[in-house]
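> These are the residues of each chain, in order.
Number of protein chains: 2
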Amino acid sequence: MHLLVSNMANSKEIEIQPFICGLDAALRVIGGKWKPLILFFLAKEPRRYGELKRCVRGVSDKMLIQHLKELEVDGVVLRTDYQEIPPRVLYELSPFGFSLADALGSLCRWGEENEDVIAKNLKAKSDA
Amino acid sequence: MHLLVSNMANSKEIEIQPFICGLDAALRVIGGKWKPLILFFLAKEPRRYGELKRCVRGVSDKMLIQHLKELEVDGVVLRTDYQEIPPRVLYELSPFGFSLADALGSLCRWGEENEDVIAKNLKAKSDA
DNA sequence: CATGTTACTTACTAAAAGGTGCATACTTGT
DNA sequence: ACAAGTATGCACCTTTTAGTAAGTAACATG
Numbered sequence: 001m002h003l004l005v006s007n008m009a010n011s012k013e014i015e016i017q018p019f020i021c022g023l024d025a026a027l028r029v030i031g032g033k034w035k036p037l038i039l040f041f042l043a044k045e046p047r048r049y050g051e052l053k054r055c056v057r058g059v060s061d062k063m064l065i066q067h068l069k070e071l072e073v074d075g076v077v078l079r080t081d082y083q084e085i086p087p088r089v090l091y092e093l094s095p096f097g098f099s100l101a102d103a104l105g106s107l108c109r110w111g112e113e114n115e116d117v118i119a120k121n122l123k124a125k126s127d128a
Numbered sequence: 001m002h003l004l005v006s007n008m009a010n011s012k013e014i015e016i017q018p019f020i021c022g023l024d025a026a027l028r029v030i031g032g033k034w035k036p037l038i039l040f041f042l043a044k045e046p047r048r049y050g051e052l053k054r055c056v057r058g059v060s061d062k063m064l065i066q067h068l069k070e071l072e073v074d075g076v077v078l079r080t081d082y083q084e085i086p087p088r089v090l091y092e093l094s095p096f097g098f099s100l101a102d103a104l105g106s107l108c109r110w111g112e113e114n115e116d117v118i119a120k121n122l123k124a125k126s127d128a
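Protein chains in written order, with the working numbering: chain A, 1 to 128; chain B, 1 to 128.
Be aware that one or more of the hints could be misleading.
Since the list gives no way to pick one copy over another, a pair counts as held whenever it fits inside one copy or between any two copies.
[To be verified] Heads up, simulated DMTMM-like pairs for lysine to aspartate or glutamate below, C-alpha to C-alpha not over 25 Å straight-line: (1) K125 with D81; (2) K62 with E115; (3) K123 with E70; (4) K53 with E112.
These are computed hints drawn from the structure, not numbers from a lab.
Whole structure, please, built from the sequences with the hints as guidance.
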């Protein structure tokens with residue numbers, strides 16, 4: 001009766017197990033309104049803070065900084081401060097970050113293929 | 001200069017485009033504290049409401065119902081009400097739901113492979 | 001006739017996430 | 001002297017999300 005994850009979730013060690021499944025773990029890293037976008041743009045090329053902000057349209061400074069910090073702590077992005085005036089800071093994906101970006105590939109494609117349906121249902125929800 | 005998504009994000013039609021990239025779209029569907037877990041268990045086999053609640057340990061009725069409804073609207077899960085007393089309702093993934101579960105596979109594996117690192121950094125964040 | 005079973009609902013509350021706007025320090029261009 | 005650009009910090013507020021606890025319907029059983 002050891003069916004993958006089900007017995008993990010049913011075990012009494014749930015408080016010790018930090019995550020219930022790999023999905024749960026992964027979503028702690030990419031959870032946050034702008035994180036997928038940040039990953040997306042950094043996966044293409046390293047960017048300075050200001051560049052990134054222009055890419056991720058609509059993000060506030062507060063959120064962008066906060067998410068970048070979290071991604072840095074998670075080992076996903078690398079931050080290089082050139083100690084110049086005016087400030088120049090470069091953000092890029094670490095190898096770990098690239099492995100995450102790879103893993104996100106199929107989900108991303110699924111989203112692209114189905115964005116019409118998803119958008120339609122999103123509207124249905126907001127109407128209700 | 002049509003580099004994948006970047007020009008979508010930079011375009012002025014951003015209000016018309018519902019999503020910035022496929023990732024964004026996909027995360028609207030699986031975003032929600034318990035949704036990944038629900039997907040996970042339903043991907044294995046159809047379940048009655050009560051069974052599912054026992055699998056997804058810690059979820060409240062309110063949240064479970066709410067998430068199931070949203071997943072149903074999104075076309076990811078199918079709900080069958082047998083109109084019996086006491087009530088019997090079966091939840092299962094639709095073909096669309098299975099396609100989503102497939103797309104989540106690599107992310108899920110990434111999370112499993114790296115859950116130690118992720119857990120460590122999670123602790124670092126909560127300490128700070 | 002009370003009790004249990006099952007899938008939900010509702011009202012209220014708490015917590016987390018996100019947004020806004022202002023401030024900083026230093027330099028370059030006007 | 002002054003505005004503009006640079007990467008951040010901080011205080012405050014709103015919105016979104018989640019949790020809690022109670023209740024409901026309908027019948028079957030003891």
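> Would you list, in rising numerical order, the hints stated earlier that this structure does not obey?
2
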